[in-house]
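Engineer: Here are the chains, one letter per residue:
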Amino acid sequence: MKSLTIEHLQKTYFDPFANKQVTAIRDISLTVDAGDFVAVVGPSGCGKTTMLNLIAGFLAPTGGQIRVDGRAVSGPGPDRGVVFQSFALFPWRTVLDNVAFGPKMRGVPKARRHEIAREYLALAGLSHAAERYPNELSGGMQQRVGVVRALANEPDVLLMDEPFASVDAQTRMTLQEELTRIWEQRRPTVVFITHDVNEAVFLANRVVVLSHGAVLRDIAIDLPRPRAWDVLIEDAGFKTLAAKVLQQVRTA
Amino acid sequence: MSALAASVSPWQRLWSAYVRGTVRHPALASLVPFVPVVALWALVAQSGLFPPVFFPGPAEVVQKFGTLMANGILPAYLEDSVIRLAAGTAAGLALGIPLGLLVGLSDRAHRALWPVLLFFQAIGDIAWLPILLIWFGFGLTTMIFVIVYTVLFPVVLNTVLGVRSVPLELHRAALSLGASKVRVLWEVVLPGALPNIMTGLRNGLGFGWRALIAAEIIVGTSGIGFLMFDARRAGSVVEILLGMIVLGVLWYVVDSWVLAPIERVTGQRWGLVTRHD
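Here the protein sequences line up with chains U and H, keeping their order. Heads up: the first sequence begins at 35 in our numbering, then just goes up one per residue. Heads up: the second sequence begins at 1266 in our numbering, then just goes up one per residue.
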């Protein structure tokens, strides 16, 4: 796992209807160490999704630089795995082939890549669903597939764009607990975008609060692991941190 | 409760028997709806309202079918028509799908070609026949041109629609998993557009089949269209009716044996198209 460095990142759009430049990212510098879990929160329009799209290489920055393991980002690539809010599973591929997609693009032979996919599906408790098509699964199960599909490709950085925002509240808590468990086992480097303060504090080692396209605060989350909602929901330390982050987001 | 669970009416009993019967023998579902149609036809023919020469009944048509099958005319004409349609459709797909991918993926190609495509789509198949007859004469070239032209547009326009309906996130997901742009075309764009391409093929085949019959009537050397028009010259209403029935049956066969099974294992299986069975 390699670190992620962002230096004076800037992104402006030209809006042809308004006939002016719109600033999405003013100036962001951030370093994410290998094996760290960083959550990025902020009010809507603060630029958090734009930042993720820039790191993923879906958009080109207008200024500054993004580096993964020292190499400058110049487009999408398998070193940065992405988990989408809309899951973005391939409807025409079975769950197994969705997870095996990354290894397939790397040229891993069929038997081996199916072995890899089964291993990762087992990690998320999805072994029974391997031969099913995405549309036959619930939203929660689809996103479990989305997460392990990105992990199975062994990216240097895992980028997650509000991945649990479109599942129901109970499923969301389960998915959050599963994600912390998987993170503790595998220690991937994660950048997790969310607007949910509790989610950010529950999952991350660091919570970065964005405001108007810049970093407002960088708050360390020193809660013990493993983390579980049953425990943390009553925990004074969790409540204090969540209140602190929430206050920052609301003033942002 | 007892009021709600009222007795089953005879009609419901009959309906239930039919529905269960169609599950056991699917062919019933395709044949039974034609029973009243044929019965009405036979009744009108029997009534003597029209002279039999003008309005023959089902029996005469079945008899004619036997004769034309026995002397080999119908199989030969059918083969000619089907081969023309198949060749024209294959060429239409081979041209239409790549063109649709190009116009669907490239904004520039879309800007440059879309108005032109719409313009030429409007000049329907048959409208080309006068000039084609002058250029290519009464032959196979003219007929193939008409079919390819007719199949091409629905395939191109629907492929464009299909390509543009693939969510941006699927492109992004594939690229982030290490796919090259060419792999994205093969792994994401084509399967994503496939349900629409099938719609284009379905429309194209339908229009193509009609265009072929029209072309055969005008160009006229062989084929089902020629059979029907030739029968008109001979004043044989039986043969004309037979030709019409053959057209309908053949389309039904293509739909239920070729198109529907492909749709079942692709778009419907993937949840991209709603099932209706």
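Be a bit skeptical, because a hint or two may be false.
[As the list claims (entries may be wrong)] Here are the simulated lysine to aspartate or glutamate pairs, DMTMM-like style, with alpha carbons at most 25 Å apart:
| no. | chain 1 | residue 1 | chain 2 | residue 2 |
| --- | --- | --- | --- | --- |
| 1 | U | Lys144 | U | Glu218 |
| 2 | H | Lys1446 | U | Asp131 |
| 3 | U | Lys54 | H | Asp1372 |
[What the hints assert, rightly or not] Some chain U residues flagged as far from chain H (calculated, every beta-carbon gap over 12 Å):
| no. | residue |
| --- | --- |
| 4 | Arg60 |
| 5 | Pro77 |
| 6 | Asp113 |
| 7 | Met139 |
| 8 | Ala203 |
| 9 | His246 |
| 10 | Trp263 |
| 11 | Asp269 |
| 12 | Phe272 |
It should be emphasised that the hints constitute simulated quantities derived from the structure, not laboratory data. Backbone N, C-alpha and C define an ideal beta-carbon position, used for all residues, glycine too.
Engineer: Hint by hint, work out which the structure violates, then give me just those numbers in ascending order.
Structural biologist: Hint check: 1, 6, 7 fail, others pass.
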